[in-house]
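> Listed below are the residues making up each chain.
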Amino acid sequence: MPVYYLEIIVVALGLVVLMVDAFVKLEDKRSLAWIGILGLAVVFALLFKVEWPASTEGAFWRFYSSGDSLALFFKGIAVLTTLIVLVMAIDYSPIILKQIANPEPGAHPQAGLGECFALPLFACAGLMWMASANNLVSIFVSLETVTIAFYIMVAYLRRNVGSLEAGVKYLILGALSTGFLVYGFAWLFGITGSMQLSEIATALANPELNPTVALFAFALILVGLAFKIGATPFHLWIPDVYQGAPTPITAFLSVGSKAAGFIITLRLLAPFLGSPALFEKVVLILTVLAVLTLLVGNLAALPQKNFKRLLAYSSIAHAGFLVMALACSPHETGGEITLSPDTVIAFYLGAYLLMTLLAFLVMTTLRTTIPGEERDSYRGLAKRSPFLAFALLISMASLAGVPLTAGFFGKFFVFALAVESQQWTLLVFGLIGAAAGFYYYLKIAVSMYLSDPPQDSDAAPISITPLTRITLLALIVLILLAGVHPGVILGLIG
Amino acid sequence: MSTIEIIVLLPLLAALAVGLGSPARLTALGASVGVLLLSLGTALRFSPDLEGAYQFTSSRTLLEIAGFPRLSLAFGLDGMSLVLLLLSAIVLVAAVLVAPKEKAIKGSPRFYYLSLLLIAGGAIGAFCSTDLFFFYAFHELALIPTFLMIGFFGNGENRVRTAWTITLFLGIGSLILLIGLLLAVFATGTTTFDIPSLIALAKTPGNAMSEGTQSWVFLLLLIGFGVLVSLFPFHSWAAPAYAEAPTPVAMLHAGVLKKFGLYGLIRLALPLAPAGAEKWLNLLLLLLIGNILYIGLVTIAQKKLDRMLGYSSVMHMGYIFLGIAAGNHIGLSGAVLLMFAHGISIALLFALCGWIREQFGTVDFNKLGGLAKSLPELGLLFGFGVFASLGLPGFANFAGEIAIFFGAFAGESEAMTWIRWATVGALWGVVISAVYLLRAYRHIFFGPLPKKLAVPADLTWSMRIPLLLLAATLLAVGFAPELLNQYIRPAINGLLLVSAG
Chain H
36 MPVYYLEIIV
46 VALGLVVLMV
56 DAFVKLEDKR
66 SLAWIGILGL
76 AVVFALLFKV
86 EWPASTEGAF
96 WRFYSSGDSL
106 ALFFKGIAVL
116 TTLIVLVMAI
126 DYSPIILKQI
136 ANPEPGAHPQ
146 AGLGECFALP
156 LFACAGLMWM
166 ASANNLVSIF
176 VSLETVTIAF
186 YIMVAYLRRN
196 VGSLEAGVKY
206 LILGALSTGF
216 LVYGFAWLFG
226 ITGSMQLSEI
236 ATALANPELN
246 PTVALFAFAL
256 ILVGLAFKIG
266 ATPFHLWIPD
276 VYQGAPTPIT
286 AFLSVGSKAA
296 GFIITLRLLA
306 PFLGSPALFE
316 KVVLILTVLA
326 VLTLLVGNLA
336 ALPQKNFKRL
346 LAYSSIAHAG
356 FLVMALACSP
366 HETGGEITLS
376 PDTVIAFYLG
386 AYLLMTLLAF
396 LVMTTLRTTI
406 PGEERDSYRG
416 LAKRSPFLAF
426 ALLISMASLA
436 GVPLTAGFFG
446 KFFVFALAVE
456 SQQWTLLVFG
466 LIGAAAGFYY
476 YLKIAVSMYL
486 SDPPQDSDAA
496 PISITPLTRI
506 TLLALIVLIL
516 LAGVHPGVIL
526 GLIG
Chain Z
1393 MSTIEIIVLL
1403 PLLAALAVGL
1413 GSPARLTALG
1423 ASVGVLLLSL
1433 GTALRFSPDL
1443 EGAYQFTSSR
1453 TLLEIAGFPR
1463 LSLAFGLDGM
1473 SLVLLLLSAI
1483 VLVAAVLVAP
1493 KEKAIKGSPR
1503 FYYLSLLLIA
1513 GGAIGAFCST
1523 DLFFFYAFHE
1533 LALIPTFLMI
1543 GFFGNGENRV
1553 RTAWTITLFL
1563 GIGSLILLIG
1573 LLLAVFATGT
1583 TTFDIPSLIA
1593 LAKTPGNAMS
1603 EGTQSWVFLL
1613 LLIGFGVLVS
1623 LFPFHSWAAP
1633 AYAEAPTPVA
1643 MLHAGVLKKF
1653 GLYGLIRLAL
1663 PLAPAGAEKW
1673 LNLLLLLLIG
1683 NILYIGLVTI
1693 AQKKLDRMLG
1703 YSSVMHMGYI
1713 FLGIAAGNHI
1723 GLSGAVLLMF
1733 AHGISIALLF
1743 ALCGWIREQF
1753 GTVDFNKLGG
1763 LAKSLPELGL
1773 LFGFGVFASL
1783 GLPGFANFAG
1793 EIAIFFGAFA
1803 GESEAMTWIR
1813 WATVGALWGV
1823 VISAVYLLRA
1833 YRHIFFGPLP
1843 KKLAVPADLT
1853 WSMRIPLLLL
1863 AATLLAVGFA
1873 PELLNQYIRP
1883 AINGLLLVSA
1893 G
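One line per chain: the protein sequences are H and Z, in this order.
Heads up: the first sequence runs through residues 36 to 529, numbered per the working numbering.
Heads up: the second sequence runs through residues 1393 to 1893, numbered per the working numbering.
Simulated pairs of lysine-lysine, DSSO-like, Cα-Cα distance not exceeding 27 Å:
| id | chain 1 | residue 1 | chain 2 | residue 2 |
| --- | --- | --- | --- | --- |
| 1 | Z | 1696 | Z | 1844 |
| 2 | Z | 1495 | H | 418 |
| 3 | Z | 1696 | Z | 1759 |
| 4 | Z | 1696 | Z | 1498 |
| 5 | Z | 1844 | Z | 1759 |
| 6 | H | 418 | H | 478 |
| 7 | Z | 1765 | Z | 1843 |
| 8 | Z | 1498 | H | 418 |
| 9 | H | 418 | Z | 1493 |
| 10 | Z | 1843 | Z | 1695 |
| 11 | H | 204 | H | 133 |
| 12 | Z | 1498 | H | 478 |
No lab work stands behind these hints, which were simulated from the structure alone.
Using the sequences provided together with the hints, build the complete structure.
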């Protein structure tokens, strides 16, 4: 089966969910999520069966990178993230319903819930396309497909001021960054005369290239990309949008959107890094970006009291480590570097998916029983629900980079890359970041395990649906397994 | 499955079983006795003639991708790791026996025993690993439950704060260590994490690290390992942590886990970066004198038994560093022997300190006194611990310390080198130890019995067994150091042979 069928299947799946929502009388609209979950599970299985065309000459294939296991890996990340986001959305739907309450008499009690299971599917199709986009046009169109779906999802809770504020912020800053990106694309096209990344790479490697013009295009594109991946100083939207958006959407943003952002970053930066005239300046700019992101993400996370906001800064911090890996890109002629930044970034994002989604899943499960998302509302959680507390402990340990968890290998590979490419400055700031991470992640563990529960809370056990329980368990097992045997994830990258 | 794999997995599996609901104390006890018996069996089957070679090796490749060092779950023992394995096993059995019964634990007894097993399992795994990655990872595995135990079951008002301090100190120390290890791996060719191959690679002509790299590697390893071993001036986490940790955790950390750093210095830093070791020798001497003399004086000033023991454990690390700084056969074997002896003696003293705290509710010197008459057995065993700790002949510590002093002073010439001056300084440490240890003994066991003090019954058999185990080990090794030296000697020989190229 040709690989682009998968995107078509996912779009069709989204349409099916929408149509069923509109034309079938459902008692409980949450069963729509099940259609999505099962469909995505099938798509995930199909990922291992797809094939590439013999030649890329065909009209459609021009927009598609081919024979590329990295693209498949990122498609897998997109599908898996969406699947788990739908699982979260089921648990979270009471909160969504409360915040979109429909005043019309006679309406379905769950009116308006159906779309929130369909929209992630459309975004997923966009994310999958992003993973194998290799043409400025397809990169831009797929990116916008995703972003527009996110504009709606972030502002989904229409009776909630926080969600609306997040939506407006995301819309304005997103549009601005897209503007930068397109302007950069225009310059790039002007310099190289091509939309195709492979041809752009050849043009940029030309020694007669005017480096100033190319760097200008690079700067514009980097601004747009830095916004998508949440790198400082273009990270300012992240804490507010993450805090305001519905929690499953926050999870989607922080994993799905970030991973897809990184794959197009890898693709777009490759021509610049491959150009001998530009290489050193590009690496310098990336180094500065990485240092800033590491410092801001990690240090600003230290005083956070709201768990969702903490995870927002944590997502900036992890973007810092990922940009750090990017800044360790090998010079084309600079001898053999063994570990490629592509592989490291892919692994890191795979690990990041597991641990971040685990944290968000615990959070959505708790949201219906524990009113707030403050850190203090998790105090004494270990007594109330040992399983959820353990899941969160594993997630935090992995995010902090404790050995024998997937997160450790992520950081380990990044540090190894930095040592190998002798980026000592980055290494120092990476160390500071990782050390700060120990503090703010484990603080959550301390408040779950070592503090007494708040006075007014009840001690009733927290119920977990079987689907959530299985998902939690699978994520925990995968984190620990990849922590001992990183081949579990690396094997998929190829 | 090799014996070593079983020894490493046993505590971890037992921890899992406890987590899933098997009777906590019984499972922990069974696993720890099993580990002890298996380790003793390994020691009997160990052939000392194979100089420096690993025995009982096993290896399972986990990750082999182009361009990244091969990663495998590999275990093996040489004489040095065998001695540390025996230490871990003995202290583990004692710590589990000393741990309170399930009903006496405030909080979850399952979590308590699970953590103890994880700490010991991590330490044993680290000592037995011949793969650099797992060497590091197992140690970290042991640290996490240590932090949680101090925060959870520790004594004293500040326990959460103390748990934090130790988390940050040891977390950052481990990160520095990680960078040093990675630097060494990449400087030697990025092909393997296997420790013997790495060391062999570092010696291959044309592949050796430049002096500048060696200097960085050694400095990073010295600081990284140094933080973990409470090398002056990175020691400030240690005394409060030991004072506030639950007794079995203090025994396991001060006795066993802390030795990881020293083991790492001997196992990795010296052979990988000999030029770096030479370059930073004077710095190390200065710091270890700080450990012995400065911390020694700080120890004298302590007014509580638990803090005093905590600081004394920091101070005694100085001697082991001196043996490492000496870098010759006698100094290094003394260091390994003292690692064992100190581990056993400090575990004995912390166990007794915990018992006193539990029975009297205080470990303040001013509130205790005159216990020798009413509690003769406690007095006797405490005396054993004190005399061992200050290095009285007949105890294992003496054998280690004397070898270290000889090793550090050794040499043909008569000039007073820096290390000889440092040795002279370190010798004063013996006097300082005598001052604080004997003062503690006098304060607690002699003089008038404070009127308000209610004196409990003497040690029961459940306490006596672990304490006697520790005391007997100290005496046995003290009278016949050859028991362990037969293993240490060939290991150090092999190490020096490799170092010499």
